[in-house]
Amino acid sequence: MFRLIRTLGAFSTAIDRIAGVFLAAITLLVVASAIGRYVFTAPIPDAFDISRLMLGVAIMWGFASVGYRGSHIKVDLFAEMMPARIRRIVDLFAWTILFVFTVLMSWKILARVMSAQASGEATFDLRMPAWPFLALIWAGVTVAIVTVLARILIIATGRGTLDHFDAPDVATTSKDDDV
Amino acid sequence: ADVELRLSHWVPPTHPIQTLGIEPWVESIKQASNGRINITIFPAQQLGAAPDHYDMARDGIADITYTNPGYQAGRFPIYSLAEIPFHASNGKQAAKALHNWYAPLAEIEMSDVKFCLINPHDPGTLHSKTQVKVPSDISGMNVRPAHATMARFVNLLGGASVQVPAPEAREALAKGTADAITFPWNSIYIFGIDSETKFHLDMPFYISSQMLLLNKGMYDGLAPEDRQVIDDHCTPDWSQKFSTGWADNEYSGRQKMIDSPDHTVYTPTDDEIGQWREASKPLIEAWKEDVKAKGQDPEKIYADYVSALKELDSLF
Amino acid sequence: MSKADLVAVSGFVLLFAMMAVRVPIGIAMGLIGVGGFAAITGPGPALNLLAQSPIRVITDFNLSLIPFFVLMGVFATNSGMSRELFRAGQAWLGFLRGGMALSTIAACGGFAAICGSSVATAATMTKIALPEMQRVGYRNDVSSGVIAAGGTLGILIPPSVVLAVYAYITEQDVGKLFIAGVLPGLLAVLMYMGAVRIAYRRSLPAGQPFEAREAISSLRDVWAVLVLFVAIIGSMYFGVVTATEAAAVGSLLTALIGIFRGRLGYANIMESLIEALRTSVAIYTILIGAVLFGYFLAITQTPQKITAFLVALDLGAYGTLGLILAFFLLMGCILDAMAMIILLVPIVFPVVTQLGFDPIWFGVIIVMTVELGLITPPVGMNVFVINTIARDVNLFTIFRGVLPFVVTDVIRLILLIIFPAIVLFLPMTMN
Ligand code: NA
Ligand code: NA
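Residue numbers (this note's numbering), protein chains in the order written: chain Z, 1 to 179; chain F, 1001 to 1316; chain P, 2001 to 2431.
Hints may contain errors.
Footprint (simulated), chain F over chain Z, 3 or more residues, beta carbon under 8 Å [claimed, not checked]:
{"#": "1", "region": "114-120"}
{"#": "2", "region": "137-148"}
Straight-line C-alpha distance at most 27 Å; calculated DSSO-like pairs for lysine-lysine [said to hold, decoys possible]:
{"#": "3", "chain 1": "F", "residue 1": "K1216", "chain 2": "P", "residue 2": "K2003"}
{"#": "4", "chain 1": "F", "residue 1": "K1175", "chain 2": "F", "residue 2": "K1300"}
{"#": "5", "chain 1": "F", "residue 1": "K1030", "chain 2": "P", "residue 2": "K2127"}
Calculated directly from the structure, the hints in this document are not laboratory data.
Backbone N, C-alpha and C define an ideal beta-carbon position, used for all residues, glycine too.
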């Protein structure tokens, strides 16, 4: 069990890195496109569609990571007043709800991907098919099913909680992977 | 009312589409059904994003949706013919003509919804910060296109397309992000763009053609007398009626600009019009390829389109 | 009560119940949104909302400025820009009695000019200024109170992630909103400084002697912050680039400056990217929930009903505004700033515009109101962050220390309501 959880932790870190690289790529693309437009009056074709679709991919993969870490924005006030045993039940319940939502989203987004593939939806300028991007987004949600389940497992076995203090609008320094 | 329906669209509730198109249509249905059918309007993307309106009708998120098929590039290849420039000469007759032409094709291309009405705006044109007379003037320009087909055209002419939502178009022009925009006439005033673009090309350049779509399950589930009322409101004549108010409203902007000393409205010569038509040929070729790829006969569909427009005296 | 009303009321009750037991706020909103929609349309269409909306939100180009501004703040933090600001503040203000507290406030204001988050501003200043203040003999309540309050400048002085989200929700020009935050932000800096001197005058340690050479040399290091702020806010003010482009350019520039100074290596950059992404994901999750919840509100026509109800109370424009702000303050007891803006603004915004208030002005007012929530008990994010980083300073001490600043915040809020020009003057000069 312990090894499984370790593996999941490493997996989550890998996800983080992939999504981080995506974020870097999107930033560069938007800057390059702005320079292309203002300096050379030659914007990069499809920069708009590609950057927004890639951002979607990064966010959904990040969603998987955050589901593992437990650092979604939530109201901790009441949970923190409860005794540890009850708090564990509350944590389990909360992440089970997240799990249900993630499963529903994965199911529905898969339908969306298939619809996009069948209908030939494409990007604006180059008419690249849109569905591969949507499929990557779907993959992110689906990975989130696994990572959320992993956190539920961690809570259930008493190896962790949702007590992280990950601030909502940022970047504290915490590197608090508690497993 | 016995039947409560939700109609979703994406423009503000004060837009002529709602006040001059949707509201009279809804009211007429209420009257014709003796109050049995009541339709609640949800404007301004309250129930979903503009590009999702086709799927929203299919999925029943709304019972009736006002959809711009052009918002999803590549999804409705046949209908995108309506977006190719230099075909329709006005918005009202063309609405009826488009309806006549597309109704049978909708069975093929939009089979998971029930097609009801077509609502193009009055033909829009090119509004720019510096004068444009011929296609080669577009080269090196940043243009905010109306839809994906216009974006293709701009690219074809050596310009670049700049994607911003309509409400942000003014800002994009003011900031120099865009040098020109394709828009219907009066919308230039509605969106306050008249302070940015001073040059206008006086020709029916292009249309953007929306439609009203119904959820199939809802439609099939209606009592026969109610379904009859809806059928009576999904006719070519209703397409024209629905489109008239907005088309007139847009067209009025043209006269306003001609009368204004601040604006230069340029009427291209026959030779220049010829150049524009010639320049747009590759769009028609590309469209034919797309349609062929879907297993349809582009030559016949194109000929039908042209003759439908001609029949109602709305071919440019 | 109609069926729609019943569904709406039960929706809100369930929403708060779920939030109380730690269900992520965005997920609770999303589920109630879908469930409430299902109660009206049946489950099929409602579930299909999940096929469209989440993708629309995460692929919305206009929202991408949020991760970019978050990233910029993280790069600024990780490349030590807050330390330089604090040093410059010390060099110029350190000679005054309580000079270090004043420098901290100035540094918070400076850091806020390149970082869009209050919690990030409070966090980084805690690490840099708190130990220094403790060293020279500041009481813990004074030093932590200064940082908690100074941190709130992060979302008032542009760039601001909260103002960006407000702009998205209410479809306002984000550039104008940012510019509108400038004067109130400066006013806040001055008022916080005044509060330090007035409220704590007896306990403030003496300053250190002024050193001209240190003062001059300290400026050599803060150029980066100045360049970034001018480049970003200046280019937005003069309309050279769009807000999203400004944000992307800003984050890239910040990274380049960090690399150029040898303070950002590969590992730092990777960490910053991941940190920024996690923070952004947390915000996007609430946005996804909010959009779904919004469809539920729309279909039950709740905002219209609340508007009608509030207008019918006939409290007058300012009476109603007061009621709304009081409600926000109350919600600030349990919700964090971002969640409040996303959840509540769509509900009250129609009322506010109907009463004739300027949407840009209201954006700044509401951000200042949620700012108060960041430093008031029981849930005060900035206070929690300080407490998490500085374990030796307990929550009660910080809440006590922050009290004088709460008072100035309220006074400032009233000032801006009486003189809206303080907010609107700069944006009116744009274009
Ligand atoms: Na800021
Ligand atoms: Na609070």
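Task: Straight-line alpha-carbon gap F/K1216 to P/K2003, limit 27 Å - done: holds, 25 Å
Task: Coverage of the region 114-120 of chain Z by chain F, judged on three or more residues with CB within 8 Å - done: It holds, with 3 qualifying residues against the three required.
Task: Proposed proximity, P/K2127 with F/K1030 (alpha carbon, max 27 Å) - done: violated, 67 Å
Task: Within 8 Å of chain F (C-beta), three or more residues of the region 137-148 of chain Z - done: violated (count 0)
Open item on the list: Run the distance test for F/K1175 versus F/K1300: straight-line Cα separation, threshold 27 Å.
Closed with: violated, 45 Å
In summary, the numbered hints that this structure violates are 2, 4, 5.
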